[in-house]
Structures are given as C-alpha cells and as structure tokens.
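Protein chains: 2
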Amino acid sequence: MTTVIHLKEIKALLKHTDVVTAMEEGFIQYSNGNTVVPPVGELLFEDPKGDAHIKYGYIKNEAYYVIKIASGFYDNAKLGIPSSQGLMLLFDQKTGVPKAVLLDEGYLTDIRTAAAGALAAKYFAPKEIKAIGIVGTGIQAKLQLQYLQKYTPCTTVWIWGRSKEKAAKFANELGADFDVHIADSTTELAKHCNLIVTTTPSEQALLKASDIQKGTHITAVGSDTEHKQELESELLKKADIVISDSIPQSKSRGEVYRATQDGKITEDDIVELGTAIQDKKLQRTNDDQITIVDLTGVAVQDIMITEAVYTAYLKK
Amino acid sequence: MTTVIHLKEIKALLKHTDVVTAMEEGFIQYSNGNTVVPPVGELLFEDPKGDAHIKYGYIKNEAYYVIKIASGFYDNAKLGIPSSQGLMLLFDQKTGVPKAVLLDEGYLTDIRTAAAGALAAKYFAPKEIKAIGIVGTGIQAKLQLQYLQKYTPCTTVWIWGRSKEKAAKFANELGADFDVHIADSTTELAKHCNLIVTTTPSEQALLKASDIQKGTHITAVGSDTEHKQELESELLKKADIVISDSIPQSKSRGEVYRATQDGKITEDDIVELGTAIQDKKLQRTNDDQITIVDLTGVAVQDIMITEAVYTAYLKK
Numbered sequence: 643m644t645t646v647i648h649l650k651e652i653k654a655l656l657k658h659t660d661v662v663t664a665m666e667e668g669f670i671q672y673s674n675g676n677t678v679v680p681p682v683g684e685l686l687f688e689d690p691k692g693d694a695h696i697k698y699g700y701i702k703n704e705a706y707y708v709i710k711i712a713s714g715f716y717d718n719a720k721l722g723i724p725s726s727q728g729l730m731l732l733f734d735q736k737t738g739v740p741k742a743v744l745l746d747e748g749y750l751t752d753i754r755t756a757a758a759g760a761l762a763a764k765y766f767a768p769k770e771i772k773a774i775g776i777v778g779t780g781i782q783a784k785l786q787l788q789y790l791q792k793y794t795p796c797t798t799v800w801i802w803g804r805s806k807e808k809a810a811k812f813a814n815e816l817g818a819d820f821d822v823h824i825a826d827s828t829t830e831l832a833k834h835c836n837l838i839v840t841t842t843p844s845e846q847a848l849l850k851a852s853d854i855q856k857g858t859h860i861t862a863v864g865s866d867t868e869h870k871q872e873l874e875s876e877l878l879k880k881a882d883i884v885i886s887d888s889i890p891q892s893k894s895r896g897e898v899y900r901a902t903q904d905g906k907i908t909e910d911d912i913v914e915l916g917t918a919i920q921d922k923k924l925q926r927t928n929d930d931q932i933t934i935v936d937l938t939g940v941a942v943q944d945i946m947i948t949e950a951v952y953t954a955y956l957k958k
Numbered sequence: 643m644t645t646v647i648h649l650k651e652i653k654a655l656l657k658h659t660d661v662v663t664a665m666e667e668g669f670i671q672y673s674n675g676n677t678v679v680p681p682v683g684e685l686l687f688e689d690p691k692g693d694a695h696i697k698y699g700y701i702k703n704e705a706y707y708v709i710k711i712a713s714g715f716y717d718n719a720k721l722g723i724p725s726s727q728g729l730m731l732l733f734d735q736k737t738g739v740p741k742a743v744l745l746d747e748g749y750l751t752d753i754r755t756a757a758a759g760a761l762a763a764k765y766f767a768p769k770e771i772k773a774i775g776i777v778g779t780g781i782q783a784k785l786q787l788q789y790l791q792k793y794t795p796c797t798t799v800w801i802w803g804r805s806k807e808k809a810a811k812f813a814n815e816l817g818a819d820f821d822v823h824i825a826d827s828t829t830e831l832a833k834h835c836n837l838i839v840t841t842t843p844s845e846q847a848l849l850k851a852s853d854i855q856k857g858t859h860i861t862a863v864g865s866d867t868e869h870k871q872e873l874e875s876e877l878l879k880k881a882d883i884v885i886s887d888s889i890p891q892s893k894s895r896g897e898v899y900r901a902t903q904d905g906k907i908t909e910d911d912i913v914e915l916g917t918a919i920q921d922k923k924l925q926r927t928n929d930d931q932i933t934i935v936d937l938t939g940v941a942v943q944d945i946m947i948t949e950a951v952y953t954a955y956l957k958k
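Going line by line, the protein sequences match chains A and B.
Start counting at 1 in the first sequence, then tack on 642, and there's your number in this note's numbering.
Start counting at 1 in the second sequence, then tack on 642, and there's your number in this note's numbering.
Derived by calculation from the structure, the hints in this document are not laboratory data.
Given the structure is predicted, the values throughout are model-derived calculations rather than measurements.
There may be inaccurate statements among the hints.
Any copy will do: because identical chains look the same in the list, a pair fits if it lies in one copy or spans two.
Stated by the list, open to error - Calculated pairs, EDC-like style, for lysine to aspartate or glutamate (alpha carbon to alpha carbon, straight line, at most 16 Å):
| # | residue 1 | residue 2 |
| --- | --- | --- |
| 1 | K691 | E704 |
| 2 | K880 | D910 |
| 3 | K736 | E688 |
| 4 | K879 | D853 |
Could you put together the complete structure from these sequences and hints?
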C-alpha cells in the first residue's frame, strides 16, 4: 500500500525529524562513495516557459530509493500560484514497491537546504558567534536563520536585501526574539557578523574579500548554476578553508566553480563537506580562520529528507 | 490538489476509456514530431538485482506532462509480490502543478501495449480473420486477445506456449466464448491463423518465414530489447509491409533491429506506425499481403493512457 502524505502532515512530521543529522549522514555517505545518483533528467517547456527536473538515486544497502520531481514555471505568479512545484517519491530498494508519495510542493527542498546550512555552521562556525548576517530576504533567508538557532544561542541578526522594503518586512517578521539590524550594505553587515549566510540568486558578487573579518564563517547557499555568484572569487582565495558540498558539481556551478574559473583557487584547495565533517584536521582549528562552505544542493539531501520524513510517519 | 487514483479505480475508469483511440492519436502525434520525450532515466540495483526506469515527456500544446516509473525486481516472486512495480504521474503542462498520481502497479503499461496491438490489427489485419493465433500464455497474451475482440468477431483461437500446462490453463480461462485450440507448434498455429500476436520474451525466433501463410498479419509485442526476438529475420524480408512503432527505437531493439542486423531488411523497408495509419497507401491493399507490426513500446503510449484515465476521472 502506497502512503500519500500531504504538505500539512509533512510539516507536522518535520517537528519530530532531526533533519540536520539526516543531512550529516547523507553527506558522509555521499563523500564515501556509497550513493548511486544518475544524471538529472530534464524536461523543458516553451509556452509558457518552464522546466521540470527529475533527480533520483539511493544510498547503497539502505531501505529505499527516492525520486524527486521539481519544476519552475515563472509565469505562475500571474496565476497566483508558486513558481516552484514538486513532489517526492519513495520506493522499497529491495522490491521496487512504491511506499510513499510526499506531496511537499517543493517545501522539503527548502528545508534540506536550510538544514545543510545549519550543518555547515555546526562544523565550521567559530565557537562564539557575535552576530549572524543574512544576505537576502526570501524563504531561504528565514529558514536558514530558523535552523541556525539549533546550533547557536546568538539572536543578534544583521540582514541585508536589495529591496529595503523586503528587508524591513523580514526584520518585522523575526519579532521580539531577535535583536535585528538592517544593514545599509553587505560591507556593514560583514563588519558586525562572524557567521554569514548568503541566500540570493545574485549573478554578481555581493561579499568582497576586503569586507570579511578574521574568524568569519560564510555559508553560500544561493548559487547553484554556472552564472550565479554571491562571493567575490578573491574571497575564496583569502579563506583558510573552502568546502564544497559536491566536488563533481563544483566543476560546473557555484562559488567554487566561479573562483576556479577566475584562477583564484584550484581543485586542490577544496575539501568535500562529507569528507571534512569526518576529520577534525579538515575543520576550523582556531577562531581567526575564515571558512567558507559552498552549497549547490546534492540529490543525497533529497534522499535523506524523504527517508527521514517517511520514517517519522511510520513511527507515528 | 493532487488526486490519487488506486488500481481498483483505474480499472473501473478504463471501462469508460477508449484506449485504442488514445493510442491512435498518440502514435500520430509521435510520428508527426509533436512529442517531447527525453532519454529514459535508469537506476540499477545490485542486491537484490533490479532496475527502475523513468520515462517522461509530453505532447506539445496539450494539457499535461507525464512521468512513468516502472521497475523490475526478479526476486520478488520469492516474496509473493509481482516483479513489475510502478506508477504514473500527471502534471499540468502550463504550471507544473501535480494533478494526479496513478498507483497502477504497472497495469496501464500492460493495457497500453494491448491497445497498440488492437490498433495494429485495426489497420493492418486482413478483412476476414479465420483464426487468431496467440504465441505466449502470459498476461499480455490474455489482454491482446481481449482487446482484439473490439475489432474482429472472430472467436476461433489457436494458442501456443512453451509450457503445455500454462497453455492448457490459458485455454481453460478463455471459457465458453471462444473456440480454443492448443497448437503443438508455432508451425501448426501459423497454418490455421491469419492474425497472429506474439507476446513472449523469447531470444530465439519462434515464427519462421516458411510457416506464414499468404495474407497473414503479425503483431510482435514481446521484443523490446536488443536480445529478444520472436520472428525469424527472413520473415521480415518476406513480409510486404513492415511497420515499427518507433523508427529511432528500431535502431537498437525489437524485431526490426534484429532483421536489420541480419541484413534481411534496411531502414528504407520500414514505415512508422503513426505515419502508416494516416496514409491508406501505406496500409494493406489486398488480402494476400503479409504485414508485420513490431511494437517495442513508446513513451507517448504512457502519456496518452495516463491522460485518458485522468480525463475519465474528471468526467466521473
């Protein structure tokens, strides 16, 4: 019997799900070569413009395999429906029987991305966080801040967004639990914060090497294509530790890709996230180091979060 | 809101669905170049052995796009569950919104294959059917016979199977509505029948050129890989008309592939099904011709049957 789980129930189940630990296990399996993830399937549409992506794979010798369908139709806004759509499918890895359809409307992709940000902070942020800087004001900005709360007691937050209005709205939503400041520039934000998360689809570097203080950790979430870039390439050269969620993907997209293309770093300067979290020598060793984690999004995250939600459902 | 339709309801909806006409429209769209069907996604499993295939695509300017997941785990029999598993997903082509999940357990693939067989008979069988020959005794053997009933009043049936027991069981299931004969050989079957459907996974030719009478139509359903073969290559040379459901696929699998490899025919001897059914000149012109339709299975069939069942659901 195939279980169908709707978004409302998925949100309830996530309250009983340790997604950050699931991401940690997933990245380790990925970097240890225990995942099977074929190339992404793609379907393009002309009228109206849209694309659908099919990501699928499994972790060897585990219980399930997972298929994720995610689409973007940018004219949807005119119709009042979200541009991102999607669902997750979970099958028995030993028999092929479909076990669950998660009608998550793209939500689990947002959550697994936020959880990876928290994981990056857990392993690479300095011990004492003075202030958290969030670049961007969208859904991912909010979720990153929410998931970071599990790993730091810091509630001083600086936010920067291209739109002053959206920044003010975001600040307002954070409410009384946070001490919120709106930065005039990313330079001002970087001056105050030693944990920064960038969450925009920018195609021009927003954080400059000269902006960043000693001891800062940066998680770059926004760039997942060859054109997007949030960090100046020089900043990756300045950093003491540069981590990529996927070495193969960093050859074609993300901050590491851009800095490599610009000749500022080479592949030898990069460590994969799942490798680094298994080895203390590859992590921050003092509070003066600058660390960067570049997240482009890996299919193993989709596999892990889908399995985690279904496991929570079975335990219910 | 995403609709979930279970197998029992799918079977009920099929009673109100003209699947053969849906196949006809689909093959025409396919041969006319109006479909978008990227390469099939594949996921392989080692322990136990299994494979999952992801087929997806759409017909331009129609309402939906479709994704089919189908798997085969051949050790499932030991667990008492079918080796074939699968489901169909239907999405709005203009927004990406998931409209329906059809938990068909692979059933719609069986039905669309049977319906294509009926379509082949509709256009290529001789006017008067003396007897229907069915090679094979599995699910597809039964379904082909069932769907043929819509296009011929003939109830005289010859069946042949490698296992005498299974042939006897199949004959028994057909019951009083049919005049059933069990053939000792495919040669005997071919002597009596002028409409033959082959439905086995054989890797050795079962029907020889010398067996086939003038005026016979053959639909070859079984071969969908490079290794499977039900018709002797010489038989495709002997035939007056040879049709393939997909010219591109016939370059790598099916009866046409094998006969081409054996140097008995060339690509110029083949017409695509969707082209042939639009042009009377490409169809049987007298009752002496031998005609062959080679069905390897095309994604547009999955698209069409999924849309047809969902349309029946909406009208309910």
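Can you give the numbers of the hints that this structure goes against, from lowest to highest? No hint contradicted; all consistent.
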